[in-house]
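Visitor: Chains C and F are the protein sequences, given in the same order.
If you read the first sequence in this note's numbering, its first letter stands for residue 11, the second for the next number, and so on.
If you read the second sequence in this note's numbering, its first letter stands for residue 391, the second for the next number, and so on.
Where hints are given, some of them may not hold.
Said to hold, decoys possible - Below, computed lysine to aspartate or glutamate pairings styled on DMTMM-like, alpha-carbon distance capped at 20 Å:
| no. | chain 1 | residue 1 | chain 2 | residue 2 |
| --- | --- | --- | --- | --- |
| 1 | F | Lys652 | F | Asp614 |
| 2 | F | Lys618 | C | Glu403 |
| 3 | F | Lys694 | F | Glu659 |
| 4 | F | Lys679 | C | Asp345 |
| 5 | C | Lys486 | F | Asp452 |
| 6 | F | Lys434 | F | Asp680 |
| 7 | F | Lys618 | C | Asp350 |
| 8 | F | Lys495 | F | Asp470 |
| 9 | F | Lys652 | C | Asp350 |
| 10 | F | Lys618 | C | Glu449 |
| 11 | F | Lys495 | C | Asp163 |
| 12 | F | Lys652 | C | Glu403 |
| 13 | F | Lys652 | C | Asp345 |
To be verified - Pair by pair, the computed Cβ-Cβ distance ranges are:
| no. | chain 1 | residue 1 | chain 2 | residue 2 | range |
| --- | --- | --- | --- | --- | --- |
| 14 | C | His485 | F | Gln636 | 39 to 47 Å |
| 15 | F | Ala625 | C | Ser123 | 32 to 40 Å |
| 16 | F | Val515 | C | Gly276 | 36 to 44 Å |
| 17 | C | Thr292 | F | Gly590 | 34 to 42 Å |
| 18 | F | Asp680 | C | Val471 | 50 to 58 Å |
| 19 | C | Pro246 | F | Tyr562 | 22 to 30 Å |
| 20 | C | Gly294 | F | Lys517 | 37 to 45 Å |
To be verified - A short, non-exhaustive set of chain C residues, derived as facing chain F with CB atoms under 10 Å:
| no. | residue |
| --- | --- |
| 21 | Ala159 |
| 22 | Tyr165 |
| 23 | Leu189 |
| 24 | Thr292 |
| 25 | Leu447 |
| 26 | Gly480 |
| 27 | His485 |
Honestly, the hints are just simulated from the structure, not real lab data.
Values in this document were obtained by computation on a predicted structure and should not be read as measured data.
Note that CB positions come from ideal geometry on N, CA and C, so glycine has one too.
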Amino acid sequence: MLKAYFMAGAIALALALPAGAQTQSNAELDEIRKQIQELKENYESRIQALEKRLKQESAAKTQGEATETQQSATQVQQSAQAAAAPPPAQQAAPNAFNPALSLILNGSYNNFSVNPANASVTGFLPSPLYGDVLGPRGFSLDESEFTAAASADPYFRGQFTAAFSEGTISVEEAFFQTLGLGHGLSLKGGRFFSSIGYENSIHAHAWDFKDPALVQTVFLGPNFAETGLQLNWIAPTPLFIELGTEIGAGATEPGLGLDTGSNRNGIPSWTAYAHIGDDIGTGGSYRVGLSTLQTSTGNNAIPFGDLDQTTGTTNLFTGNVRLYGLDFVYKWAPDGNPVDRNFKFVAEWWYREYAGNMNFDSTSTLGVGPVTESFTAKQQGWYAQAVYQFVPEWRVGLRYDRLNEGSISTGPTGVAIGATVPNYTPWRAAAMVDWSLSEFSRFRLQLQQDRAQQGVIDNEVFIQYIMSLGSHGAHKF
Amino acid sequence: MTADKVLKVNRWLAAAAAAFALNHSAQAAVDVFACEPEWAALSKEVGGDKVSVYQATTAMQDPHRIEARPSLISHTRAADLLVCTGADLEVGWLPVLLQTSGNSKVQVGQPGYFMASDFVAKLEVPKAVDRSQGDVHPYGNPHIQLDPRNIALVARALSERLVQIDHSNTAYYQARLKDFEGRWQKALVEWETRAAPLKGMRLVPYHKDSAYLIHWLGMEEVIDVEPKPGIPPSAGYLSELLAKLQAQPADAITRGAYQDPKAVEWLSERTKIPAVTLPYTVGGTPQAKDLFSLFDDTINRLLKVRNPA
Chain C
11 MLKAYFMAGA IALALALPAG AQTQSNAELD EIRKQIQELK ENYESRIQAL
61 EKRLKQESAA KTQGEATETQ QSATQVQQSA QAAAAPPPAQ QAAPNAFNPA
111 LSLILNGSYN NFSVNPANAS VTGFLPSPLY GDVLGPRGFS LDESEFTAAA
161 SADPYFRGQF TAAFSEGTIS VEEAFFQTLG LGHGLSLKGG RFFSSIGYEN
211 SIHAHAWDFK DPALVQTVFL GPNFAETGLQ LNWIAPTPLF IELGTEIGAG
261 ATEPGLGLDT GSNRNGIPSW TAYAHIGDDI GTGGSYRVGL STLQTSTGNN
311 AIPFGDLDQT TGTTNLFTGN VRLYGLDFVY KWAPDGNPVD RNFKFVAEWW
361 YREYAGNMNF DSTSTLGVGP VTESFTAKQQ GWYAQAVYQF VPEWRVGLRY
411 DRLNEGSIST GPTGVAIGAT VPNYTPWRAA AMVDWSLSEF SRFRLQLQQD
461 RAQQGVIDNE VFIQYIMSLG SHGAHKF
Chain F
391 MTADKVLKVN RWLAAAAAAF ALNHSAQAAV DVFACEPEWA ALSKEVGGDK
441 VSVYQATTAM QDPHRIEARP SLISHTRAAD LLVCTGADLE VGWLPVLLQT
491 SGNSKVQVGQ PGYFMASDFV AKLEVPKAVD RSQGDVHPYG NPHIQLDPRN
541 IALVARALSE RLVQIDHSNT AYYQARLKDF EGRWQKALVE WETRAAPLKG
591 MRLVPYHKDS AYLIHWLGME EVIDVEPKPG IPPSAGYLSE LLAKLQAQPA
641 DAITRGAYQD PKAVEWLSER TKIPAVTLPY TVGGTPQAKD LFSLFDDTIN
691 RLLKVRNPA
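Whole structure, please, built from the sequences with the hints as guidance.
Guide: Have a look at this one:
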């Protein structure tokens with residue numbers, strides 16, 4: 011601190027020294043010292059002003075009209091106070107770096123009582139993905155995330171986020187967003203995490219548990235990214251009301267098995283969401299949301315294993331997939347200051363409906379197909395989780411996860427080869443504690459009992475680290 | 391129509407007219423979104439009844455760590471002018487508000503984006519920025535509000551900005567500023583006279599948020615309670631600090647209303663150095679009701695421990 015103080019200006023220091031040499035004895039000396047101090051301050055601010063102005067000369071040209079008029083206004087009014095303001099500095103960008111760069115390092119040590127490579131979610135498809143979400147046994151390098159973001163010009167900003175994991179690099183988000191539409195409107199274009207639900211738009215490093223909720227993984231897997239356009243509108247009311255819609259390719263949707271893309275013109279996927287939120291008292295605030303995702307396969311059938319994972323056939327689904335969701339988040343901190351203590355509660359419910367046709371045994375593996383029959387599946391899932399920071403640095407959390415197999419209706423061939431609900435309710439329970447020495451580092455221990463697969467009780471232990479390097483990210487509510 | 395009904399209709403008309411008038415005057419005012427209480431207070435001082443001020447945070451909240459909650463987004467959407475500190479103080483939440491709000495008037499670089507720290511000379515601008523030094527601010531220390539001379543600089547700039555946004559009230563804003571500056575100048579002289587005994591006082595602030603106060607009054611910052619900015623002191627660090635303060639005594643350990651009192655009290659008890667709660671901003675103590683009483687109370691509280699009566 012002292013060092014920085016002295017750095018403020020060598021001249022100021024030189025002036026300060028004789029003042030410091032004075033002994034504190036009588037009022038007269040004090041008075042003289044005060045005058046010198048004032049003189050020092052005066053010179054210091056003037057020198058700083060001059061230095062600033064010098065720097066500004068070159069920058070001045072690039073500054074907008076706004077600043078120009080302001081500066082001239084400053085000059086007109088400067089007569090009153092000779093001590094004078096330093097001319098307005100260049101306005102601070104979101105970060106000292108342009109664009110703002112940040113890197114997330116994420117890794118874990120995982121212990122499973124049952125081999126996660128075979129993990130699946132009974133009655134829900136496609137479930138082989140589930141083991142990938144949980145991660146491998148032992149030490150694991152998890153998704154590292156790189157983000158670059160900046161304003162493109164006064165009208166647009168852009169953001170790019172890539173995720174690096176063993177053997178793959180994926181573009182999680184790469185979008186532009188308008189800044190100048192006004193009227194509460196903003197438009198996003200490119201690829202972005204859809205704003206449906208709550209957990210869906212949150213990047214892995216900001217999750218409150220090591221893995222996403224089961225319903226999130228199985229239905230949206232685990233972040234449904236739309237490649238297309240998003241229009242978002244904030245209502246001009248004191249009560250927070252947000253409405254939005256997205257249209258796009260819906261192609262990066264592993265949870266729905268649409269990763270091959272729909273291979274057709276037009277818009278195979280659209281979403282809509284509505285959020286309402288407000289404060290409750292001085293320390294609490296909430297947001298509730300209603301979402302839907304509607305997508306169709308077109309003629310490009312998606313592979314669909316069989317539902318109880320016993321026969322290993324390939325079935326192809328064509329038709330519509332519709333999701334409806336409800337989400338709720340509540341946060342509280344004493345006086346609204348989360349630094350020492352804070353509490354967060356999140357709950358989400360999702361309903362998913364497949365409606366179309368299934369081409370059973372498309373490769374004739376079982377010798378009964380290929381046979382096309384109508385196929386409808388109505389399934390749902392929900393989770394509730396609470397996280398409490400009880401002292402600075404330490405948080406504890408609990409989560410309960412559950413899926414409801416719902417109903418499946420299809421023709422006789424489908425029933426014959428096992429496309430029926432297996433009469434099982436997958437569920438999980440997790441407890442975690444995490445420790446953050448600063449805002450930029452976190453270590454987490456999570457214990458989870460996983461009963462996603464019928465007949466399997468997997469006891470899981472995760473030890474995880476998350477490091478945030480680079481520019482200070484801002485987090486959503 | 392009976393007389394009764396006529397009366398009712400008249401009443402209804404009057405209510406509608408009143409509502410219209412209210413609505414109209416609400417539209418006429420400049421909607422200010424003030425990130426911190428000191429800027430809300432200053433906006434009221436220089437904007438008077440031509441501005442309608444929404445204060446986003448309170449003195450009980452750490453301005454570094456605010457949730458970008460729904461109510462803040464809807465108020466950002468409604469704002470004509472953001473009055474914030476800048477210098478990355480709000481970097482953890484303001485960008486989310488700006489991006490979500492869909493409000494073109496308050497985006498970076500627009501007249502509606504007013505960052506107070508752009509108008510003052512900042513202290514402690516680091517030569518190198520590295521997080522090994524904690525949550526450092528690359529643009530310098532952003533806690534500029536505790537030097538009243540900074541407040542004067544910001545007041546002038548803010549008044550000019552209001553003129554730019556709301557031309558039709560130019561004379562009003564200029565008169566408000568003149569009046570404020572007159573009162574502020576008078577107060578400044580009084581504060582400096584009263585605070586003369588504080589010169590050379592050795593402080594141990596919780597966070598690096600007293601730098602401008604210390605600089606203004608010629609005090610000394612011995613060490614911070616936080617080991618690095620934004621990192622709370624551990625038990626181990628506190629005992630280290632205890633040893634340091636026993637070897638190198640200070641006059642007061644200070645903290646803001648939103649900062650953890652436990653560490654400060656623990657230190658104070660063991661070192662016998664008095665702990666002082668400073669308001670840091672408007673509303674930080676019951677006495678700090680506006681910008682004037684903010685400085686009155688800050689000086690009073692420090693004088694109390696400087697000259698124990």
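Visitor: Next step is simple, just say for each hint if it's right about the structure.
Guide: Each hint, compared with the structure:
1. Restraint check for F/Lys652 and F/Asp614: satisfied, since their Cα atoms lie roughly 15 Å apart, inside the 20 Å limit.
2. Taking the CA atoms of F/Lys618 and C/Glu403, the gap is about 14 Å. The hint holds against a cut of 20 Å.
3. For the proposed pair F/Lys694 and F/Glu659, the alpha carbon gap of about 18 Å is at most 20 Å, so the pair holds.
4. Pair hint F/Lys679 plus C/Asp345 holds up; C-alpha atoms about 18 Å apart against a cutoff of 20 Å.
5. The hinted pair formed by C/Lys486 and F/Asp452 meets the criterion: a straight-line CA distance of about 17 Å does not exceed 20 Å.
6. Under the criterion of a C-alpha separation no larger than 20 Å, the hint pairing F/Lys434 with F/Asp680 is consistent with the structure, at around 10 Å.
7. Among the hinted pairs, F/Lys618 with C/Asp350 is consistent with the structure: their alpha-carbon atoms are about 17 Å apart, no more than 20 Å.
8. As the CA atoms of F/Lys495 and F/Asp470 are separated by approximately 6 Å, the hinted pair is consistent with the 20 Å bound.
9. Between the alpha carbons of F/Lys652 and C/Asp350 the distance comes to roughly 11 Å, so the proposed pair stays at or under 20 Å and holds.
10. The straight-line distance between the Cα atoms of F/Lys618 and C/Glu449 is roughly 12 Å, inside the 20 Å bound, and the hint therefore holds.
11. For the hint pairing F/Lys495 with C/Asp163, the CA-to-CA distance comes to about 15 Å; that is within 20 Å, so the pair holds.
12. Taking the CA atoms of F/Lys652 and C/Glu403, the gap is near 15 Å; set against the 20 Å cutoff, the hint holds.
13. Only pairs whose Cα atoms come within 20 Å are accepted, and F/Lys652 paired with C/Asp345 is accepted, the gap being roughly 17 Å.
14. In this structure the supplied range 39 to 47 Å holds for C/His485 paired with F/Gln636, their Cβ-Cβ distance being about 41 Å.
15. Taken as a hint, the range 32 to 40 Å holds for the pair F/Ala625 and C/Ser123, whose Cβ atoms sit roughly 36 Å apart.
16. Restraint check, F/Val515 to C/Gly276: a C-beta distance of roughly 54 Å breaks the suggested window 36 to 44 Å.
17. In this structure, C/Thr292 and F/Gly590 meet the distance hint of 34 to 42 Å, their C-beta atoms being roughly 39 Å apart.
18. Under the hint 50 to 58 Å, the C-beta atoms of F/Asp680 and C/Val471, about 55 Å apart, fit the expected range.
19. Here the CB-CB span from C/Pro246 to F/Tyr562 is close to 26 Å, well matched to the stated 22 to 30 Å.
20. Look at C/Gly294 against F/Lys517: about 42 Å separates their beta carbons, and that is inside 37 to 45 Å.
21. A distance limit of 10 Å between C-beta atoms decides the matter here; for C/Ala159 the minimum to chain F is near 9 Å, and the interface restraint holds.
22. Contact between C/Tyr165 and chain F, as hinted, is supported at the beta carbon level, the nearest pair being about 9 Å apart and thus within 10 Å.
23. The interface hint given for C/Leu189 is met, as the beta carbon of that residue sits about 5 Å from the closest beta carbon of chain F, less than 10 Å.
24. The interface hint given for C/Thr292 is met, as the beta carbon of that residue sits about 7 Å from the closest beta carbon of chain F, less than 10 Å.
25. Evaluation of the C/Leu447 hint against chain F yields a held restraint, the C-beta minimum of about 7 Å falling below 10 Å.
26. Residue-level restraint check for C/Gly480 holds (minimum Cβ-Cβ distance to chain F is 9 Å; threshold 10 Å).
27. With a least beta-carbon distance of about 7 Å to chain F, the hint placing C/His485 at the interface is held under the 10 Å criterion.
Consistency with the previously given hints fails for number 16 only.
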